[in-house]
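Below are the chains, spelled out letter by letter.
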Amino acid sequence: MRIIKLNMVVVLLLVLISACNNEIVQEPIMINSSDTLYMPLKDLEFEAKGDQWEAILNSFTQPIPVKIRYGKNGFHLYPKKDHGIVEGPGRLCLQHGDNKFYYKVYLKNILPPKIEEVDYRSSKIINLDSSNAQQRIFLAVDEWRNIVDAAEGAELFEEEILQLNKKVGVYRAQGHLALSSYYIEPGSCVSIPLKAKYIDIKKVYRIIAGPLKDRYDNLIADGTVVKFICDNGKFTNLMEEISLNGFASIEITAEEVNEYSIFAKVDDAKSLSITLQP
Amino acid sequence: MLNEDNGLLAETTGKKLLLIAVSLVLISHGVIIYFTLPKTYDAFVHMFFADHYARFWFEPWEYRWYTGFLTISYPPLVHQSIALIGKVFPLKVAFSIYAVFIYEILIAGVYRFTKMFFSKTTAGVAAILAAVLSSIIETLHVFGQVPTLTGLAFLLNALPFLYQYIVKNKPIYLVMALSFLSVAISSHHVTPIFGMVFFIAPTLFMALTDVMPKEEKNTNFLSFVWNAIKTAIKKYRSIILFGGLTLILLIGLIFPYWYWSKTDPITQVSIPHGSRDNFFENISSALVFYVIPLTLVFALLPAITYSAVKNKRFWGWAVSFFVCLLLGSGATTPLPKMMMGEKVFNILTLDRFGFWASIIAIPFMAKFLYSFLAGPVKEFWVKNFGSSTHFILSGLSAFSYLLFVIFIFHLASFRPLQPKEVDILPIQNFLNRDDHMRWRYLTLGFGDQMAWLSANSLAATVDGNYHSARRLPELTSRPVERLENAKFTGTEGLASLTDFLTRSEKYSLKYVFSNDRYYDPLLYYTGWNRTIRLENGIMVWEKGNVSTIKPIEPQTLNPFLKYAWGIFPVSSLCINFLLTFFYLMKYKEKDYFNLRPSDDNNYPLSITYSSSLLPLLFFSYFMINQVYELLLVKKQAHPVTAVLNYYNELDFQRFEKAFQFYKPSPVFTLDQFLLEKSVNDGGLLPSYAKLDSISANEVYRSEDTSSVEVYTRWNTALGHLAKEDTLKLVNENDRWYVLPTIFVSEIPDEQIRSYTYTLFKKQGKRVISSFPTVKDDRVKRPFAEFKQVSLIKDDKKYFVTGEILNTDNIPVNIALMASLKFQNGVSKNYYPATALIYNLSPKGSSFFQIDLDDYDKMDSLEIVSLDIHAKTDVSERGYIHGGYPSYSVTDLGKGEMKIETSYYNQLTVDISIPGILIAEKDSSGTIWQTKLYLHPKALRSGLNLTFETKFVKVQERAQRIEAVPISLFINGKPKEVRSIKRDELAERNKGIVVLPHCFVSKEIYLQ
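Sequences listed follow chains X and W, in order. The first sequence: position 58 = 57 (numbering that gives the first Met the number 0), numbered continuously. The second sequence: position 656 = 655 (numbering that gives the first Met the number 0), numbered continuously.
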């Protein structure tokens, strides 16, 4: 009797254990199977059993949200949003409980894209002391940031070294985009004209250095330090001023002037000396 | 009369008094704690730790201070408890709730502790005394030391159980004693460690005395001691069991702390603490650490001594009390240092011993107070002097003590310990925006509020407020508690701060929040720029070319230790609550101190008189003295006194009070005084200096006139300045008044001045996105060029000199670093301090000098190569250095030069600190040294200033080292140096050239 009871218990346990096994789910079959999926998705149909499916579509850069609608023999996948993607390899994952099924796909856009031409410049700041050459990369991208052939049979992008003009200014690589601006900046000062002017009302000499220019005849940058150095035999006066629109000036009280010899410097460039009489 | 010892009356009276004490704590401390805690020394530090546990309960690595430290360096229970309460309430409220809760437990502890000594009624009096005891009030409301109070509260509650265990040998008492001790250990490890000596040992002694047969007690001293030892031997099992289990708990509960102490020992220069001062020499320390906590103890010392010595069962307590009192006296006598040894003496804060002395004294003080209010002492006064006398004496004593207690509550107002409260919200907002949290910050002039800021932000600072955890060499090598109060720690503190400000790249220190303009000159001359003044008035300083925080590997800790730290201490508190509940329900006995002898509340006549009168005398004197110092002191009784007090008022910027020292005159009004003062304001000395020391000598005296020479030494962020003045005084109505000096104003010719500034604006991000800026939006690092670099050895010093040029078309901020490689493969980085103009306009240049180590170290290591790195960053500030200097140089012989400089201020704003950067060049144009000279007075717009500077040339004795190869890098790219050119200006001026380098404090364009 005990043996019978024991056997019954063992059988019951075995039944219970077997009941804990995972349900075996068959892999869904893609109807009209294709390696390429066109975005936005259009009615991608799968033959499958059950209604507890989850679908995850990933491009190589981002997940793409999809929704499921169940039919008689399976389910259909639809896009949640109608927009394109960055084209390339992708992977569709269908999940039912712990069972996952993967499908390698290639993702492409179906909508006709709007093409935009992009002009990248490097370096963005050209200092005329060093070079006026600039690297340019030109390419076309669609609205989903896929590089597209600019012209039939052409390279994906064009590269060239541009020799820019030597005129200081702010230029745009793409006319409508402020962010694409590049800048040609003046080089070092090479000439320092210096002149003095007596202002009777204020009883001062105004010493003007300018127009201060680089070797391409551009005015030097605003804010450049101009040193006015004058010597009366006893004291050395060091007056640092900041240039604006290519000029820098100082004022020296005329009463204090005793045969002052004065010159101006910008880095190593130096003006001729002028002498101020009392 | 409430003199029944163990009767029902004593029982109910004791509990009623306990209830009164508990209520008193609730309505007094409970109400005021929220308002006093911002002004305490330590409350914010404990809140910061609490915030840590609220955020990262099982992670002891705290990255926000000192580039990271382990919180296992401080027992966690208090902080974890506040963190738990903080889950419901704001952190400050949580702290207040916890503090009041602990105070209540302390009151219960004092009640139970006193019951070991005397009757329940006396214990009730002791509980009320604890609610108003100055030492406890100071510990909570001035020091904010909640862990100390927690440790003590649970220790006092443990002692009666220990006593019971020794006397009755019941395991439940052992369990309860250990349970309370566990909480004390988890809260404040120092309390149970020293408590073993000062509290547990006397408790054991008292218990052993009580279980001793009566005939063994009534013997002479030696026999009594011998009998006590014999009793202890009889009880050795209980004592060893208790000692062993306590030791296990002490190690086990906070094992991570011991692990940290062993594996990361504290090797730092001792930080001075007022409790280690000689109290006769430093009155301020004496007041805070000895007078305030112990005045009542000293007033009742005759009664305490009499009670403690008279009964043999209290002898252990008498020894503890007097030893604590002695150790708490700091360096007033050499004894504490002799007893503890110099090392321990210099590590411990000794005020805790005075605090414990006051706690040990509570039962004895309560006993006398009870006798004075309702016992034999009262009877004596009533019988001999009448009840009115006793009433008046009691009333006046209580009233004067009450005033004393109120004074302590407001001590932080009378003697400010902290700067005014800072609204931290604008700083939080600043740190949260534009990725500012990716760098470290530093606060200056915040006091302990820096911990409050840290508790409310996830941003990291290089500073911190828990000096035991400091491991950065710039902090541990000097006796400096914090960087933010470097002003108050003299030369060492400022040297430490300067290290951090100049080596900012090393610690990714990019932002300084300054609440004290004292630091402005140091910040400016070490390359920091003002960025924005926040709504709360805090100035934000920023340094360019600083990299973001590099990931730091936290100190590894076994996960078990992390979990132990997070679980054991809190469990000890939970278990303690459960056990206490269990004990009260099941085991509590009504009269469990049945071996305690009856109270004898009689005192000898001398004790009765002294202890009755001294409290009134002491507290009345103290309060009268305070009032006298505040209101009645004759500040102008003597010419020298008048001068010293005048300077004191000036130093603290109490100008109206300073004006009162001038002779009253209709032509010299307060308005005139302030006007004349404002004309002289702004310089390094008038506006950025703190009076360090003063000496005044009277050089002439007639009946009513006097002349006083004043020598002052001023402490500025850039060093010390000395000044000598002579003040003339006159005597009127027994008061000495200062005569105002004749003020000669210098004014420019023009009524209105104009000047054209060229300012720059960096656009910042042009793509509105919280993600990192796109490539298109970035600005390149500006160009710069080294004009020359030399390695110089002069006498005992090595340094690098040179000149750097901004070759770009925009203003730049430059960071320099000299990297030396030695023969042994080690390399070390050095940074310039003040000998460099960090912000340069386009085509502007600066001389520089980077000091290296002394020659003995350098020569022993043998330099292999020297790399000089320059990093540049776009700057829109700090490039106007102001002024037209003209100078002439006179050779004084032996290399000494006198540079006479005349400065003209062409700007429309005052030049706050006129300065020149001086370079010594030789005939080839090579720079041999660079020095910054600053003039202490400001230069007003349109005016001239002339000063002389002594400068010693070094090229005759120094050596230019050409054997060491020097490599130059600009923004990481190798660069060549320009060929050195002769300098026409240097040749004209005996090898000396200068550049203007001034500080303009006006913030119109945040220069």
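Treat the hints as calculated values from the structure; they're not laboratory data. Heads up, the beta-carbon is just placed ideally off N, CA and C, and yes, glycines get one too. A few of these clues could be false.
Below, in silico cross-link-like pairs of lysine-lysine (BS3-like), each with a Cα-Cα straight-line distance of 25 Å or less [unchecked claim]: (1) Lys123/X - Lys989/W; (2) Lys169/W - Lys774/W; (3) Lys974/W - Lys233/X; (4) Lys233/X - Lys897/W; (5) Lys212/X - Lys786/W; (6) Lys233/X - Lys952/W; (7) Lys760/W - Lys212/X; (8) Lys123/X - Lys980/W; (9) Lys786/W - Lys827/W; (10) Lys233/X - Lys827/W; (11) Lys166/X - Lys760/W; (12) Lys897/W - Lys856/W; (13) Lys123/X - Lys893/W; (14) Lys585/W - Lys792/W; (15) Lys689/W - Lys419/W; (16) Lys779/W - Lys123/X; (17) Lys827/W - Lys123/X; (18) Lys930/W - Lys233/X; (19) Lys123/X - Lys792/W; (20) Lys419/W - Lys123/X; (21) Lys269/X - Lys761/W.
Output of the computed footprint for chain W on chain X, the stretches with three or more beta carbons under 8 Å from beta carbons of chain W [claimed, not checked]: (22) 39-49; (23) 98-111; (24) 176-187; (25) 192-200; (26) 213-222; (27) 238-250.
Here's how the hints hold up against the structure:
1. A C-alpha spacing of about 46 Å is found between Lys123/X and Lys989/W, which places the hinted pair above 25 Å, so the restraint is violated.
2. Of the pairs offered as hints, the one joining Lys169/W and Lys774/W is violated, with about 78 Å between alpha carbons and a cut-off of 25 Å exceeded.
3. Proposed proximity of Lys974/W and Lys233/X is contradicted: the alpha carbons are some 39 Å apart, above 25 Å.
4. Of the pairs offered as hints, the one joining Lys233/X and Lys897/W holds, with about 14 Å between alpha carbons and a cut-off of 25 Å not exceeded.
5. Of the pairs offered as hints, the one joining Lys212/X and Lys786/W holds, with about 22 Å between alpha carbons and a cut-off of 25 Å not exceeded.
6. The suggested pairing of Lys233/X with Lys952/W holds, with an alpha-carbon distance near 21 Å, which does not exceed 25 Å.
7. For the proposed pair Lys760/W and Lys212/X, the alpha carbon gap of about 23 Å is at most 25 Å, so the pair holds.
8. Between Lys123/X and Lys980/W the CA atoms are separated by roughly 33 Å; this puts the pair beyond 25 Å, and the hint is violated.
9. Our distance criterion of 25 Å between C-alpha atoms is met by Lys786/W and Lys827/W, whose separation comes to about 24 Å.
10. The hinted pair formed by Lys233/X and Lys827/W fails the criterion: a straight-line CA distance of about 45 Å is larger than 25 Å.
11. Using a Cα cut-off of 25 Å, the hinted pair Lys166/X and Lys760/W holds, with the two alpha carbons roughly 23 Å apart.
12. The straight-line distance between the Cα atoms of Lys897/W and Lys856/W is roughly 33 Å, outside the 25 Å bound, and the hint therefore fails.
13. About 55 Å separates the Cα atoms of Lys123/X and Lys893/W, which puts this hinted pair outside 25 Å; it is violated.
14. For a cut-off of 25 Å, the pair hint linking Lys585/W to Lys792/W is broken: about 83 Å separates their Cα positions.
15. Taken as a hint, the Lys689/W and Lys419/W pair is honoured in the structure, with Cα atoms around 18 Å apart against an allowance of 25 Å.
16. Taken as a hint, the Lys779/W and Lys123/X pair is honoured in the structure, with Cα atoms around 8 Å apart against an allowance of 25 Å.
17. Using a Cα cut-off of 25 Å, the hinted pair Lys827/W and Lys123/X is violated, with the two alpha carbons roughly 36 Å apart.
18. Taken as a hint, the Lys930/W and Lys233/X pair is honoured in the structure, with Cα atoms around 23 Å apart against an allowance of 25 Å.
19. Restraint check for Lys123/X and Lys792/W: not satisfied, since their Cα atoms lie roughly 44 Å apart, outside the 25 Å limit.
20. For the proposed pair Lys419/W and Lys123/X, the alpha carbon gap of about 49 Å is over 25 Å, so the pair is violated.
21. At roughly 30 Å between alpha-carbon atoms, Lys269/X and Lys761/W are farther apart than 25 Å, so this suggested pair is violated.
22. For a cut-off of 8 Å, the count of residues in the stretch 39-49 of chain X with a CB near a CB of chain W stands at 0, and the three-residue condition is violated.
23. A count of 0 residues in the stretch 98-111 of chain X with a Cβ less than 8 Å from any Cβ of chain W is obtained; the coverage claim is therefore unmet, three being the minimum.
24. As drawn, the stretch 176-187 of chain X meets chain W at 6 residues by the rule of a beta-carbon pair under 8 Å; at three or more, the given contact holds.
25. Evaluation of the coverage hint for the stretch 192-200 of chain X: breached, as 0 residues show C-beta separations to chain W shorter than 8 Å, against a requirement of three.
26. Residue count for the stretch 213-222 of chain X with a Cβ under 8 Å from a Cβ of chain W: 4. That meets the three needed, and the coverage hint holds.
27. Counting residues of the stretch 238-250 of chain X whose CB lies closer than 8 Å to any CB of chain W gives 6, so the stated coverage by that chain holds, three being the minimum.
Violation of the numbered hints given earlier is confined to hints 1, 2, 3, 8, 10, 12, 13, 14, 17, 19, 20, 21, 22, 23, 25; the remaining hints are satisfied by the structure.
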